[in-house]
Every structure is written in structure tokens, then in C-alpha cells.
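Peer 1: Which chain is which? The protein sequence lines are U, W and R, in order. Numbering follows my numbering, in which position 140 of the first sequence is assigned residue number 682; successive positions increment by one, without gaps. Numbering follows my numbering, in which position 131 of the second sequence is assigned residue number 165; successive positions increment by one, without gaps. Numbering follows my numbering, in which position 160 of the third sequence is assigned residue number 162; successive positions increment by one, without gaps.
Note that these hints are calculated values from the structure, not bench results. A hint or two may mislead.
Some chain W residues near chain U, calculated using beta-carbon distances under 8 Å [as the list claims (entries may be wrong)]:
| no. | residue |
| --- | --- |
| 1 | PHE115 |
| 2 | LYS265 |
| 3 | LEU322 |
DEER-style ranges, computed between Cβ atoms [as the list claims (entries may be wrong)]:
| no. | chain 1 | residue 1 | chain 2 | residue 2 | range |
| --- | --- | --- | --- | --- | --- |
| 4 | U | HIS925 | R | LYS345 | 42 to 52 Å |
| 5 | W | GLY266 | R | LYS244 | 57 to 67 Å |
| 6 | U | LYS1024 | R | ASN72 | 15 to 25 Å |
| 7 | U | GLY834 | R | ASP311 | 22 to 32 Å |
| 8 | U | ASN755 | R | ASN74 | 35 to 45 Å |
| 9 | R | ASN72 | U | LYS601 | 25 to 35 Å |
| 10 | R | GLY203 | U | LYS601 | 56 to 66 Å |
| 11 | U | GLY859 | W | ASP186 | 52 to 62 Å |
| 12 | U | ILE626 | R | LYS162 | 41 to 51 Å |
| 13 | U | THR927 | R | ASP311 | 19 to 29 Å |
Even glycine gets a Cβ: it sits at the ideal position worked out from N, Cα and C.
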Amino acid sequence: MSTKIGIYICECGPNIADNINIDEVIERISSSEDYKNKQLIIKPYKLLCSNEGKEYLEKEIKDNELTHLVIAACSPRDHEITFINICKKTKLNPYLYKMVNIREQCAWMIPDKKKATEKAISYIKAAINRVLHQSVLIEKQLDSNPNVLVIGGGITGMETALSLASKQRRVYLVEKNSILGGNAQSFKNLLPRQENNTDLVAKKITAIQENENIEVFTDSKLENAVGFFGNFEVTVKSTKKDQTANEFVVGAIVLATGFALMPTEKLKKHAYGKDDNVYTALEIEQMMKAKGKIVLKSGKEPKSVGLIHCVGREDRGYCSRICCNYMLKIISYLKDQSDTILIKDFYKDLCLPHKYDQEYFDTMAKKKVDFIRISDITTKKTHITYTEVNGSKKEADLDMIILAPAMVPAEGTEELAELLNVPLHPTKFFQEAHSQLNPIGTSLEGIYIAGGCHGPQGISESVLQAKAVQGKIVTQLIPGEKIIPEVKVSEIIPDFCMGCQTCREVCCYGAITFDPERGICVVNEAICRGCGNCVGSCPSGAIRAKHFTTIQIHQEMKEAIS
Amino acid sequence: MKKIQTKGVKISSNKDYRDSIVDILKKMLQSKSVDAVLVPMRVPAKDSYAWILVKDEKLLTEADPAAPIMPIQGARALSSFSRKGQSMLKIAALMRPCEIRATIELSKLNQVNLENVTLISYDCPGALPMEDYLNDPEKGEKKFNDILKKLDFQNKSIKPVCKICDQFSLLPVSDLHFTLFHDQNNTMFLIANSNRGNLVLKEIGMEASHTVSAWANGIQEIKDKRAAQKKGRFTQIKKMVEGFNSLLATFSDCIGCHNCQSACPICYCRQCYFDSESVTSGTDLTMLKAKKRGSISLPQNRIMFQVGRMSHMSLSCVSCGLCTDACPVSIPVAEIFSYVAHNTQKQFSYSSGENKGEPIPLKTFKLEEVKGIQELVEDAEA
Amino acid sequence: MSNSNNVLIIGAGIAGMQASLMLAKAGKKVVLVEKLPIIGGNTIKNEESFPNLECSTCMVAPVQQDVLQNDNIEVMTLSEVKAVNGQVGNFTVTINKKARYVSLTECIGCGACYEPCPVSLQNEWEENLGKKKAIYVPCDGSLPNVPAINSGHCLRLSGKKSCNACAEACMFGAINFSDKDEQVKIEVGAIIIATGFDLYGGKLLSAFGYGTLPNVYTSMEFERLYASNGPTSGELLLRKGKKLPDSVAIVHCIGRKELGYCSGVCCMYSFKYAHFIKDKLPEATVYNIYSDICVPNKSYQSFYNKIKDSNSTFIFQSAPDIVQIAGNNGKLQVKLTAGKGSKNSLNVDMVILSCALVPAKTSKELADILGIERDRKGFFQTRKGYIGTVQTSVDGIFTVGCAEGPKDIEDSVIQAESAVGEVFSLLG
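Please work from the sequences and hints to get the whole structure.
Peer 2: This is the structure we're talking about:
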């Protein structure tokens, strides 16, 4: 079929017509030497985006059997998709079309009509040059697997699994310990404000066990995961002696591996030994759950307790969000135990971001607790040296000290990140794709994060994140629906590739793999997002970006510099 | 920080150094410590040297470690068969330090597989310029023998880029090293510098029991002198390439043959970027450029090729000098690239070929590291 | 008959828009109701949003465009929910659509109608720092890029004078003075409330001189002052006296004590302002007057550290109520209580009051219409006894974002996404 380029210039009412001499544009381009061997159809139209305009365009493409299309009109932001949709109704491949902005970029900002017209001609010629070198690109449709792998059997993982599991969607829940429940099962009372049922965890575990669409692997770890959104081949391996491995395919992976508390043994500012009456908040919770009361190592009840916030906050570089709240909970445990316990609570800043937190604090503040705002504090066993915010230096000797250490990602987070190629945030929690627009996704499509492994947070926020993951998965990975990956991806020309793997190392999506048999690199088009990082990194020029090849860009630029 | 080796194996001083080295290589073959040895050998026409992979120890008598010239970079010889995977034979490669450093850089670029490869370096006095040697090979041989006998590292006949080389001796990445710069008693040492090297010594029944501190001090003195010479020479080189006009003047002779790229061990690309469609313009673009500028020099992109090659490989450049040898119009490519490489590597605190584990900054640099470009330029200009 | 495939979202801010796109992608039909003539909510009022200081309009524009072009989302601007009947799976909702007087299909956004309009008004979207005409879009870059006419002030529509200026300027015949308010009824399976927040506007403001001392600003006013598409094109021009400030005091926690909660975002946006000020005026001195530093996200502390180390002087006050602001010969005197009760003061050119986030003023009415409970702070109440849910006291009605309680954009979007999850759990 011979090349026939259709160029349609939208008058946009007076907007373009008033400030660009469209007749001159048509005349100059039609008679241009550059296109004397090409068939050009170049026409004006009053308003292409109107319903009549769209019908007109569709008819023009079909009747003239156009092989390429250029639309000169308003901003592609407004209507590029409009005209792509029209191409899709015809035989013309939408990637053989280019839109040019002669409204915002010519008519609206150049007062001199002659100059505006010149620029418009230049723009349109650039688009014609480019479009002639564009290639047909066909969208692929891939089958997808709707099942989900959830790594981590704590509250977040269980919540995710329960919300997703259905007859059409199987959930595989992997837990490294022998029992489900995670951190939450250590707590006697739960925040917020101890309203909730302490057997929340037990109820969830029962629900999981009774759900026939959830398969649980305890004492297990993720051994390997290869693939992409809709198609991950995963291997889950038991950590017990038998090392049984299970392989299956899932469409999405959820990381719900939770948190741990920063180890306090090596902290210089809070030196203590095994036999001293210094505890972390988690140890107190566990003590409360086991014994129902808070006692010293000797078994006696403490008469004075110091609570220290922000332990490790400076070292780790972030605030752990829930400690101010859970310290209030611990104060309530102590006050319930005895009205006369002397309690000193040492804090730098009060972090009370939830709408009821301040009230919670105000209630506790009424209960004869010494809340002391400090700028600096060190402890040696149960002896406290501190500087109040007004500068005065003081000391105190108490029966017991309770520390609120920073929340850190659970052990194994880094290895998991490495295995899946999921980036880590500078604080070593998992890095979300975009903190505002995609807060529970990762840069790898199909891998999501929720709960304590995302960042320091409480149960309430973790459950919300679990549901957000559910929301993402049920709307993106629909049973029976095909996945259409990005079309404008990179491709490697095998003849020129020397397998140096520079491209693979700069790809942040894990879309490039090395084929040792052929000694070259290969782009996985299902994962590639077309960012072009690899194209720039290849010293041979062996990688091309589809729809953005150097030739296409050069041809377009040719006009700008002539 | 690698431990500085203080002991070596004392090698008999009666024989010619070459024979001594060949003896050791033979021992390595006999004890099956290695299956084959990669060494230079003089070609039948007696006017050049080639890399030969030898299994038969009898053929080794023809070998010439420390050849007077370097027509092909040893790293290129190694990569020509080990790019696609581990060598089935255990190989010992006896190469100049710059060849070994290039090998390390290539291994980071997945062009050389170092499994089963033992890297053996020796104190290199430099190499003669190819052109000079080829004019009169016998004279060249004599000259070089003289250099070795007199331990003359300030000899004016060696390549300009060798004169400013301060990495001519034992490297952190060497498995084994032969000292050629004798001490007063004309002694040569074989130093094991890695676990692999130690294993080889054991397998050939030798023990490193002699202190090498006198040699080490002597080498350090030479290095200091060379470093000073480098600094001085770079100040001169800077003038040749500083500013667009100087760059133009210096490279205007370039005929775009890409010989320098062919000879360079680091340039591994099957298709050079500057031959790819991204860079080669069609008639229309060429005419456009000509029209805009008033005239155009053909073929195009000769200087862009030079600057582009600098940007692609200067982080790995080992200043071996093969590019100058290969240049048919005698542009001092090696010294210029050495100067540029020195500064780009400094920017990232990277030294090419020094450390097997350190990735090339090209793939791993962070934005903060590049922010200092302005200061670097000012430093270089200072 | 169930309408489980239809969902109503009230409020087209970032949370509402994100939820609508997710639901639309999965084939649900969404009606997105917004009381303003444009979509985007409060986020688009920021030049940049923390913690990455990304250009907010750039970040949100693709979302806005996706929403406006999505076949499964019907956007109703200038609209409010007036009545709701029924129950989950089958709500009947009555929506009042105010007349825009400009056709959304004919108008191409050329802007020719603004100049000829003879009526000039305070632009409340710009915090009254700028003006607009009776036919207006709130700001440059508004989407949809189609004006509305304020019928109360339009000379023709209010019957004051016959005027045809805008219609004459329009080449597309997009202006329609006979447009009428209308009422529509829709049937939906679930409702998501994403009506956002208002800024504290209580009595504490006047105590700090706001309204009487010209160079005392609220946080939202400062956002618009700094915005490059704002009334001063981003120049930090003072209302009176000096052109640009040499020193600025940012007072945190305005309204915290009175309201009884911390809004969780003001510290971060205060640091953002400190950064903005130094960005435009590197020689300026900036004071952050605070009581508690609240940086509850893993990415926030590092921003605080940066501002603390190289930007502002931080001054602790046990509560902002004890700070006094008075005029002082064109400058502003900020009286502080130093340690041990003594006083000292700063003399600055500008004061920014970092105000708390309060429920949108339409909350009470909306709660009554929907029959849902509000909490003791006036925000919509999530179901009691449940942990981590956004469902209200009524089945099938959810509340997300700042409508539920003050929070940052990240948490608002997470709640919006979780609402989508809960809608699917409920309706399938």
C-alpha cells in the first residue's frame, strides 16, 4: 500500500484560524520540495474534537485509506486520546499518528501572525517527518492469574488474605514462624484507646483456617519469584528439615512482613544488662499478657517507673508514630495496677496525629503522671540523667525504666527486597511507588506493601493498608481479564549486544535479563515501562526505544533547526 | 586494604630474566597447576609479537615475557575466548600491569571470565613505540634489552604514556608477580599476592621466604618520580585540549578510521555507538548542518567520536597507549585520554583495574557524586 | 433490584478522584459530585506538596484528566447531594446541580469571555487575595477548563442590568443564560464521602491579629501567595508596607488546644513554608514557633532535620496561645515566653498562622442527609468497635480522607483505596 499522509488542521473556531494563516500553511506544505514524492492530503476543519469533527475524521481516514495521520490542533493533553480512539475504529494503527499543538504553542502565544504561521508550518512538517519513520506497534494481550501470594501472617497479612480470598481468587499465605498472628498477638490491649477485643488476632486466625480459598504455609519462606504482574512463578520453601518446596503461579504478591523493635542492648545512651529492671515496651506488653501485672525482676511491683520515648529516633532518622500512644496505654496499665506508682514520662515531642490522640493524652495527663519534656536524656541501668527543655539538668533514680525503641523493618526485609528487586526506602522499610499517588504499590507492578513493613504504624493503619491492597488487586487483577502491557517499550538488537549488562544494571524495573547461552541481554516487554534508561546507558547503541527512536527524533528536530 | 606483600621466592640470578620466568611457567605446566599459559612470542618474521596460548612446555622456550612492544593488548587476547563463559582450561596469563588492569575492567563489563585464570604481572619498564620498533626491529630489540639490563626506567625511548606510568609494578589484583627491577645483588623475586597465587607456589614446590623490602623501596622511589612526571606532563596535555579551539586543533588530523577504538582493550562494542544509526546522519540532515554552519567537514563526527569515546571508556582507561600506536596520523591519543581518564576517575574516587569488587561508577554513580563537576573543572584549571 | 455496579463519590479532591479511577477501571459506574466548578480539591491549591515537594498541579493534572475523560465516571460539578433514601445496594440520591451557564461541551476554554465582563469580585478560592470576574474559573490551569457564572453577581442574571459582554466575546456560542439549576436522581449501591477539610477559622485568629494586622496570614493564604499560578504569581508580596519580608515567624498549632486534637500535617507544611521562603528570599530569617514536632511518617523527620539544621530558628513555646502578636511601626512584634516565665520578643515582617484542619462546613448538613453519625470533633464517624474501617454507622456509606479526620495526602489516598476494597467486599 502506498504511503498516504493525512494532515488535518483544526481551526478551533477563531482560536487558531485568527492567528495562523491556515491557507498559507496548506499551500506551503503541499508545495514543499520535501514531500514532492509523497501523497499528502492536507485539509482544514473548523472543530475536530466536536462530534461532527470526529465523524469527519473517521470517514477521511477510511475513504482515503490513509497510512499516516497528523493532527494540528490544540494540546495533546486535551485530545491526543480522542484521536487515538478514532484511529482504533479504522485500520490505521494509532502509533502511525502524531498530534501537533499549534494552539497553545503557536496561535496563543505568538502575537505576530506571520511568525505564528511560520512556527505552525515548522511544527507540522516536523510531525510529518517523524510520523513517516514511526512503526506499527501492536498491543499485546496477556492472560493473567488472579491468585495472590501474601508474605507475612500477622494482622496485616491475615486481613489481606481474608479480604481477597474467593472462589475465583486463591490466596497463598506464607509465614516464617510456626504460628500466625505476628506482633499483635503479644499485646494485652490494643490501641486505639483499648476499645477493641483482645482476641482480635485469635478470631482472624480462626477465619483464615476456616477459609477454603486460603492456603497457609507456616515455617516457610519465599524462595524465589520470577515473572511479572499477572504471572509470577513463585517457590515457597519450608524452613523445617524436610525443606518441602511448593511452586505455583500468582498474579500479585503482597509484602506484609511487619516490623520489629530496634535492639536496645547496644545503645550507648541507655546502658543496661539482663538483670537490670529496664524493659522495652514490647516486653512489658508480653509481661502483661502472661502475668496480668507489671513486676520487677524480683517479682515485686515497682513503686516508681520511668517511661522514655524516642529511643533510637535520632539514630534511625524517623519518628515511629505510635510510641507516644502506646506509652499512654502502658501508663494506664500501671495506674490500674496501683494508684500510688510514681510515673515519670520523658518525651521530646508528643506525636498525636490521630483525631482522638490528644484527648487520650489529656485524660492520662489528669492522672497524676509527671510528663516531662526533655531535650536530652541518658540512662544507666535505672538511673536517669536528663535536661529539661528549659535547660535545667536533673537526675532521677527509679525502680523500673520502660523504653520505647524505634520500630524497624522485620528481619529478612532486606533479603526479600533483594530477591524481588523491590527498592528500599532510606529508612530500610519498603519504598512505595509514589507516596501520594500510589502509596501501597511498589515500582514493580503487581507487588504491593502493607503494614509495619511499609513504615511505622499501628494496627488500625495497617488494616486500612491491607484493604487498600485489596482495593488495588480487585480492580487491577480481575479474574478472566487480560492484561495489556505497555507498548512503547525498549528493544535490544541482538547483533549489536555484547552482553556487558550495563542496561540490566540501570533498569529499575527488573525488565532486562541476561541470556547466558546467547551472551546477550533481553528485554521482557511485559515488565518494561519504556522509561528509556537502558537506551541511554548502552555504549553500542544496541537498544532502541520503540516509538522514540533516534531517527524519529532527529527527523522531528530537523525542522526545528532548519 | 590489601596486605602489602613482604616476602617472595628468590629466583636464581645467573640466568637471563626471561629464561628464569619461562622456567617457572614450565614448572606450572608440569605440576598441572595450570593447563596452558598465555604469553607473547616473537613472530616468524621477527618484527612483531603475538599472544600465544601454549599447552606444550617445549614451545615455551620461544616465549618472550616482557616483549619490547605491545601490538595487541593482553586483555583483548584473554577476552577473545573467555567472553562467553568460564574457560575449561586453567590458564596463567603473563601480562604487563596495564594489561592486567584492563582485564579486570573487562571482567566488570562481562567481557572476560576470570574463573580459572591466574594473572601474573611483572615490573614493566615500559614498551617502545610501535612505529619506532617497526622501522628497525633489531635496533628496537637491542634498545629494549639495554633498558632491562640497566634497569633504566627513565629511558627516553619508551612510549610517552609509559614515561608517566606509576602503576608499572605489583598490583592489588595480581595473583603472582615477577620483580624485574633487581636489587644490588641482581636478585629476582616471585611474589604471591592472592590465595590463588599462594596455591600455585605450593603446587610448584616453592616457598616465599625472602624479604622483598629493598625491592619495594626501590619501586616506590621510581613510582614517586613517575608520579611527578605525570603531573608535569598533564599540565602540558591540558593546554592541548582545554577549550574548544585547542580540542579542535589537536584532533583535526583525525581521519575517523577508529583504529584507536579497535586497538583499545576497553572498547568491546561490536558496533561502536558512533557507527550506529543514532549518530550517522542521512543526506538531509547533513545538508542541513552544512547549510546552517556555512560549511561542513567530512566525514562527520570525527571529533564527536573522540569525545564520545572518552565519555564511554575513560572510567576504565588504563593508559596502556595502544591507541597512539594504532593512530596512523600520530595524534597523541593515549596521553590525552590518560589525562582525561585520570580526572574522571578521580571525580568518583575510582581507580581502573585496581579492585575486582568495585563496580564501575558508570553503572552506580549517584547524583551527589556528579555535582562536584564544577569544582573539578576549576581544580583542573587551577 | 440492586445497583451494586454504581457508586456515588462526594467530593472530587485527591481521595475522591483516586477512588473513582480505581472503581471505574474495574467496570463500576461512578458519579463524582463536586460542589465547586472545578475538580482537584485542596491539593491543587499547593504549589508543592510535602515530603517530596513535588509540583502539586503537575502531580494531580494527569489524575484530573483521567477522571474527566473516563467513560465510567460521570463528573457533576457545581453539585451537592440533597437527599438520600434507601439502603446499601440500593440508595436513591437526589443531587442539586447548579447552573453553570456555560456549556461543558461547546466551551473550548479560550478565555475570551473574562476580559469583557464588567463585574469584579473577590476570589474566595484564592483566599480573597485576588479578584475574579462574574464569569470565572478559580485559577489558571483549572480543570474542567470551562468557566461558570456567579449568578448572584452577574449583572444580567441578577436582573440588575442587561449585559451580553461574555456571550458576544464567545465564538462558540457556549454561553447559555437560560441554563437552569436542576435536580437529578441517581441509584447507587454505595456512597463514599470524600469532602475534605476546611481550615480553622475560629476566634484564635483574631487574637493573633489576623484581620486587623495586614501582614498576618493563614496557612492557606500563604499557599496561594507562593503559588506560581496564584494572585501574585508566586511573589511573596506583603499586604501592606514593605514589598517583601526580611523575616517571617511561623506559629504552629493554631487551634489545637481549642479543638482538642493535633492535625498531624501542620508541622510539615510549616517546614514547607520555611523552605519556600528561603527559596524565594535566601536572606530572610525564618522562625518556627512550635510546641510539639509531629512528623509521623518515615519520610518526614529528614525534612524536619534539614529545616532545623539550615533553615529556621526553632523556638519552643508550651502552647501557641501564650504567643502574642502586635503591630509595631509597620513590623509585627511576636512576644514569647522564655523559660522560667520571662518574656522576650521578635520583630518580624510577616507572621504565618499554621492553622488546624477542621471538618468542611457542609459536614453537619451532609451527615443529616445521609443519616450518619459525626464524631465529637465534627468529622464523619467510622463504625464503632471496628478497627481499620472507613465504613460509617450506615452500611454502604464510607468516609475517607480529611472528611474522616485530619491527615496527609498519603493517608487520604490509602483510605480512598481501602474504601474501594470495602465497596467490593460489600457489593462484589
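Peer 1: Looking back at the hints listed earlier, which ones does the structure fail to meet?
Peer 2: When the structure is compared with the hints, numbers 1, 2, 4, 7 and 8 turn out to be violated.
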